[in-house]
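Chemist: The residues making up each chain are set out below.
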Amino acid sequence: MADPVLEVKNLRVEFPTRRGTLVAVDDISLSIAPGEVLGVVGESGAGKSMTGAAIIGLIEPPGRIAEGQILLNGRRIDNLSYEEMRKIRGQEIGAIFQDPLTSLNPLYKVSEQLIETIQTHSSLTEKQARTRALDLLKEVGIPAAEERLDHYPHQFSGGMRQRVVIALALCAEPKLIIADEPTTALDVSIQAQIISLIKRLCAEHGASVMLVTHDMGVIAETADRVAVMYAGRIAEIGPVQDVIKRAKHPYTEGLMGAIPSIGGRAEKLTQIDGSMPRLTDIPDGCAFHPRCPKVMFKCHTLRPDLMGEGLHDVSCWLHEKVEEGVV
Amino acid sequence: MSDTLLQLDNIVRHFDVSPPWLNRVTEGLPKAFVKAVDGVSFEIGRGETFSLVGESGCGKSTVARLVVGLYNPSAGTITFDGMDVSSASARSRNAGAQRRMQMIFQDPYASLNPRWRVSDIVAEPIRHLKLASGKEEIQRRVGEHLTQVGLSPKDGEKYPHEFSGGQRQRISIARALAGQPEFLVCDEPTSALDVSVQAQILNLMKDLQQELGLTYLFISHDLAVVYHVSTKVGVMYLGRLVEWADTEILFTQPRHPYTRMLLDAIPDLEMSGRARTPVAGEVPSPIDPPPGCPFHPRCPLATDRCKSEMPKPVADGGAMVACHAVEEDRLPAWRG
Chain A
21 MADPVLEVKN LRVEFPTRRG TLVAVDDISL SIAPGEVLGV VGESGAGKSM
71 TGAAIIGLIE PPGRIAEGQI LLNGRRIDNL SYEEMRKIRG QEIGAIFQDP
121 LTSLNPLYKV SEQLIETIQT HSSLTEKQAR TRALDLLKEV GIPAAEERLD
171 HYPHQFSGGM RQRVVIALAL CAEPKLIIAD EPTTALDVSI QAQIISLIKR
221 LCAEHGASVM LVTHDMGVIA ETADRVAVMY AGRIAEIGPV QDVIKRAKHP
271 YTEGLMGAIP SIGGRAEKLT QIDGSMPRLT DIPDGCAFHP RCPKVMFKCH
321 TLRPDLMGEG LHDVSCWLHE KVEEGVV
Chain B
-7 MSDTLLQLDN IVRHFDVSPP WLNRVTEGLP KAFVKAVDGV SFEIGRGETF
43 SLVGESGCGK STVARLVVGL YNPSAGTITF DGMDVSSASA RSRNAGAQRR
93 MQMIFQDPYA SLNPRWRVSD IVAEPIRHLK LASGKEEIQR RVGEHLTQVG
143 LSPKDGEKYP HEFSGGQRQR ISIARALAGQ PEFLVCDEPT SALDVSVQAQ
193 ILNLMKDLQQ ELGLTYLFIS HDLAVVYHVS TKVGVMYLGR LVEWADTEIL
243 FTQPRHPYTR MLLDAIPDLE MSGRARTPVA GEVPSPIDPP PGCPFHPRCP
293 LATDRCKSEM PKPVADGGAM VACHAVEEDR LPAWRG
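One line per chain: the protein sequences are A and B, in this order. Using our numbering, you'd call the opening residue of the first sequence number 21 and step up by one each time. Using our numbering, you'd call the opening residue of the second sequence number -7 and step up by one each time.
Hints may be right or wrong, so weigh each one.
As the list claims (entries may be wrong) - Subject to a maximum C-alpha distance of 20 Å in a straight line, what follows is the list of computed SDA-like cross-link-like pairs (lysine to any residue):
| # | chain 1 | residue 1 | chain 2 | residue 2 |
| --- | --- | --- | --- | --- |
| 1 | A | Lys219 | A | Ala240 |
| 2 | B | Lys224 | A | Glu287 |
| 3 | A | Lys265 | B | Lys304 |
| 4 | B | Lys150 | A | Arg298 |
| 5 | A | Lys288 | B | Gln201 |
| 6 | A | Lys288 | B | Asp1 |
| 7 | A | Lys219 | B | Asp260 |
| 8 | A | Lys219 | B | Asp256 |
| 9 | B | Lys198 | A | Gly277 |
| 10 | A | Lys288 | B | Leu200 |
| 11 | A | Lys219 | B | Leu261 |
| 12 | A | Lys288 | B | Arg290 |
| 13 | B | Lys27 | A | Lys158 |
| 14 | A | Lys29 | A | Leu50 |
| 15 | B | Lys304 | B | His288 |
| 16 | A | Lys288 | B | Glu203 |
| 17 | A | Lys288 | B | Thr223 |
| 18 | A | Lys265 | B | Ile258 |
| 19 | A | Lys288 | B | Gly273 |
| 20 | B | Lys304 | B | Arg252 |
| 21 | B | Lys198 | A | Ile282 |
| 22 | A | Lys265 | B | Ser183 |
| 23 | A | Lys288 | B | Pro173 |
| 24 | A | Lys158 | B | Ala272 |
| 25 | B | Lys198 | A | Asp293 |
| 26 | A | Lys265 | B | Asp1 |
| 27 | B | Lys224 | A | Ile282 |
| 28 | A | Lys288 | B | Leu196 |
| 29 | B | Lys146 | A | Gly294 |
| 30 | B | Lys150 | A | Gly294 |
| 31 | B | Lys304 | B | Asp1 |
| 32 | A | Lys158 | A | Ser177 |
| 33 | A | Lys288 | B | Gly205 |
| 34 | B | Lys198 | A | Glu287 |
| 35 | A | Lys158 | B | Leu196 |
| 36 | B | Lys198 | A | Lys158 |
| 37 | B | Lys150 | A | Ser177 |
| 38 | B | Lys198 | A | Leu50 |
| 39 | A | Lys288 | B | His288 |
Quick caveat, the hints were computed from the structure, so don't treat them as lab data.
Only chain A is shown next, with the shape it has when bound in the complex (with noise of 0.2 Å):
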């Protein structure tokens, strides 16, 4: 296999609160391999969003990478200067956010937006950004591109916008998309053409995507690999049709059940009772054991670490190979 472009190891952040340290992430370890699609799936709170964050250096202080190394092609990016960051967000790790309303600047024309993003990773000149602002449109497909280039956000629809968004992300060609919930403040029908838009593009451009998302479907999609996470941890990491067929965390397993689905229709949906733990009051132990199903003695005192033989992982007492001679 060829090098990862991300690595991710052990990744803990922490934000320090009056109230005493709150982990968002922990011992979260990664990686992406070039050209691969690695979906991030969990539900409010699961510490999904704050990992992208963490790996585009956008972390809102006081929170704090408290332990663990990113390595983006090798190299360590976590303890990297602000101007050092900055060069490298856009230039080698693009990233495509939830609202594409806030992530554009409303006073800002897009062709404004887009030469100024263009020309701080390159050495065009202005009127070379502009065509190559120009042919992005038209990449991301927006009709008309000559004359909405110069149009301002707000009169762009939804999914044009989000379209604009891609076109600043590809700006500089990275190697690494960060997409948080690309296509959650999207109708369905729109989300359909970004999903297929990103799998193109990337396909195309041969980046890597992380898909930050809560959408069990949108992952199924669009990914290679499936990240769960609960909690801020990973509970089951695996090829996305290993994880959604044979899912072997019970919480990945009520997950794929709670999803109400089209066809096989069940009188009653599979139910999780209760709900994810604040960050204040993570229990202890595995932190899914007051939810399971499967609870056993063990798990309410002992934090399963992800087992498995690096394909399919999970975090999980019940899935404990018993090494021979050990017991």
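Since the structure of chain A is provided, determine the placement of chain B on it from the hints.
Modeler: Same frame as chain A, but now just chain B:
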């Protein structure tokens, strides 16, 4: 007594979005209207769940608000259990009908007063509708309703901010139930919630329906959720119902090209790798909808007739469909 509980007949709701009078006179601008709901008719039988689906701006929430009387229709009639509730005066004449319906809103963070204790929130309909008197009796009822939705009567002493999104939505449901309604209008009750919590709320709503014999008008943009909860489904596009039928019929044999497009757009968990029609275009502005069938600019089957003539709903194999292609029998087969 008939089996139909709610009937909408050709309901129209336009919103005036004209520029100010002075601009109209000096700049010669015309009056402008958003045709949020433009001729919608359907019936809901007692004990049924009728769902409206569609993309943002199709008018589904406006229909919900028209039904409970938060808006008055510009034209058309709404009948609840044989009583006219189409206008404010009719609603006050038939107050008996009005008090039999309640509503659950989308955002559980905005629909509960943050300064009220939960017990006061749930007691409000009881006090307002004078369903019980005496502090103790009211508190007893509040406790019952909180238990009914899976909370504890003790939770009544807390304030809404102490609850998670799913629990807040349970409080909204308890408040709706406190009015002892027969009919609940649910406007996207689960779209602000996580999937595992959504499953809890949907299961709760189904249980309550069986227990209390409730009738639901369910508004959602999520087809999978709609498939799960409804007995009948109506698909809306630009203020009109384009297709409505029993759930099984609509999802197994969708007829209208827009319904098909929506079903095709859902990300596929099974990853069956089926070929899907690429989704084209976006919803046009409801201020200036296209002439003829409003869907024709995005429709793969559009002909000249579709561009000029508005299709009327016709019955076709158990469904009502407003589409010329269905009428002319030139609809391709659905997924082989």
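Chemist: All the hints need checking, so say for each whether the structure fits it.
Modeler: Do the hints match the structure? See the list:
Using a Cα cut-off of 20 Å, the hinted pair Lys219/A and Ala240/A holds, with the two alpha carbons roughly 12 Å apart. Of the supplied pair hints, the one linking Lys224/B and Glu287/A holds, its CA atoms being roughly 16 Å apart against a limit of 20 Å. Proposed proximity of Lys265/A and Lys304/B is contradicted: the alpha carbons are some 44 Å apart, above 20 Å. For the given pair, Lys150/B sits about 18 Å from Arg298/A by alpha-carbon distance, which is consistent with the 20 Å threshold.
Annotation: proposed proximity of Lys288/A to Gln201/B holds, straight-line Cα distance about 13 Å (limit 20 Å). For the proposed pair Lys288/A and Asp1/B, the alpha carbon gap of about 33 Å is over 20 Å, so the pair is violated. Taken as a hint, the Lys219/A and Asp260/B pair is honoured in the structure, with Cα atoms around 15 Å apart against an allowance of 20 Å. A C-alpha spacing of about 17 Å is found between Lys219/A and Asp256/B, which places the hinted pair at or below 20 Å, so the restraint holds.
As the CA atoms of Lys198/B and Gly277/A are separated by approximately 17 Å, the hinted pair is consistent with the 20 Å bound. Restraint check for Lys288/A and Leu200/B: the C-alpha separation of about 13 Å stays at or below 20 Å, so the hint holds. For the suggested pair Lys219/A and Leu261/B, the alpha carbons sit about 17 Å apart, so the restraint of at most 20 Å is met. Annotation: proposed proximity of Lys288/A to Arg290/B is violated, straight-line Cα distance about 36 Å (limit 20 Å).
Note on Lys27/B and Lys158/A: the hinted pairing is violated, with a Cα-Cα distance of about 33 Å set against a maximum of 20 Å. With a C-alpha separation of about 7 Å, the suggested pairing of Lys29/A with Leu50/A holds against the 20 Å cut-off. The hinted pair formed by Lys304/B and His288/B meets the criterion: a straight-line CA distance of about 14 Å does not exceed 20 Å. For the hint pairing Lys288/A with Glu203/B, the CA-to-CA distance comes to about 15 Å; that is within 20 Å, so the pair holds.
As the CA atoms of Lys288/A and Thr223/B are separated by approximately 15 Å, the hinted pair is consistent with the 20 Å bound. Proposed proximity of Lys265/A and Ile258/B is supported: the alpha carbons are some 18 Å apart, at most 20 Å. Between the alpha carbons of Lys288/A and Gly273/B the distance comes to roughly 36 Å, so the proposed pair goes past 20 Å and is violated. The hinted pair formed by Lys304/B and Arg252/B meets the criterion: a straight-line CA distance of about 19 Å does not exceed 20 Å.
At most 20 Å may separate the alpha-carbon atoms for a hinted pair to count; Lys198/B and Ile282/A meet this at roughly 17 Å. The straight-line distance between the Cα atoms of Lys265/A and Ser183/B is roughly 25 Å, outside the 20 Å bound, and the hint therefore fails. Between Lys288/A and Pro173/B, the direct Cα distance comes to roughly 24 Å. Violation of the 20 Å bound is thereby established for this hinted pair. Restraint check for Lys158/A and Ala272/B: satisfied, since their Cα atoms lie roughly 16 Å apart, inside the 20 Å limit.
Restraint check for Lys198/B and Asp293/A: the C-alpha separation of about 16 Å stays at or below 20 Å, so the hint holds. With a CA separation close to 46 Å, the supplied pair Lys265/A and Asp1/B exceeds the 20 Å bound. For the hint linking Lys224/B to Ile282/A, the alpha-carbon distance of about 14 Å falls within 20 Å, and the restraint holds. Annotation: proposed proximity of Lys288/A to Leu196/B holds, straight-line Cα distance about 10 Å (limit 20 Å).
Between Lys146/B and Gly294/A the CA atoms are separated by roughly 17 Å; this keeps the pair inside 20 Å, and the hint holds. Restraint check: the Cα-Cα separation between Lys150/B and Gly294/A comes to about 18 Å, which is no more than 20 Å; the hinted pair holds. About 14 Å separates the Cα atoms of Lys304/B and Asp1/B, which keeps this hinted pair within 20 Å; it holds. This hinted pair checks out: Lys158/A and Ser177/A have alpha carbons roughly 16 Å apart, not beyond 20 Å.
With a CA separation close to 17 Å, the supplied pair Lys288/A and Gly205/B stays within the 20 Å bound. Restraint check: the Cα-Cα separation between Lys198/B and Glu287/A comes to about 9 Å, which is no more than 20 Å; the hinted pair holds. Restraint check: the Cα-Cα separation between Lys158/A and Leu196/B comes to about 48 Å, which exceeds 20 Å; the hinted pair is violated. Taking the CA atoms of Lys198/B and Lys158/A, the gap is about 48 Å. The hint is violated against a cut of 20 Å.
For the proposed pair Lys150/B and Ser177/A, the alpha carbon gap of about 41 Å is over 20 Å, so the pair is violated. In summary, the hint linking Lys198/B to Leu50/A is not supported, as the alpha carbons are separated by about 40 Å, beyond the 20 Å threshold. Taking the CA atoms of Lys288/A and His288/B, the gap is about 38 Å. The hint is violated against a cut of 20 Å.
When held up to the earlier numbered hints, the structure conflicts with 3, 6, 12, 13, 19, 22, 23, 26, 35, 36, 37, 38 and 39 and fits the remainder.
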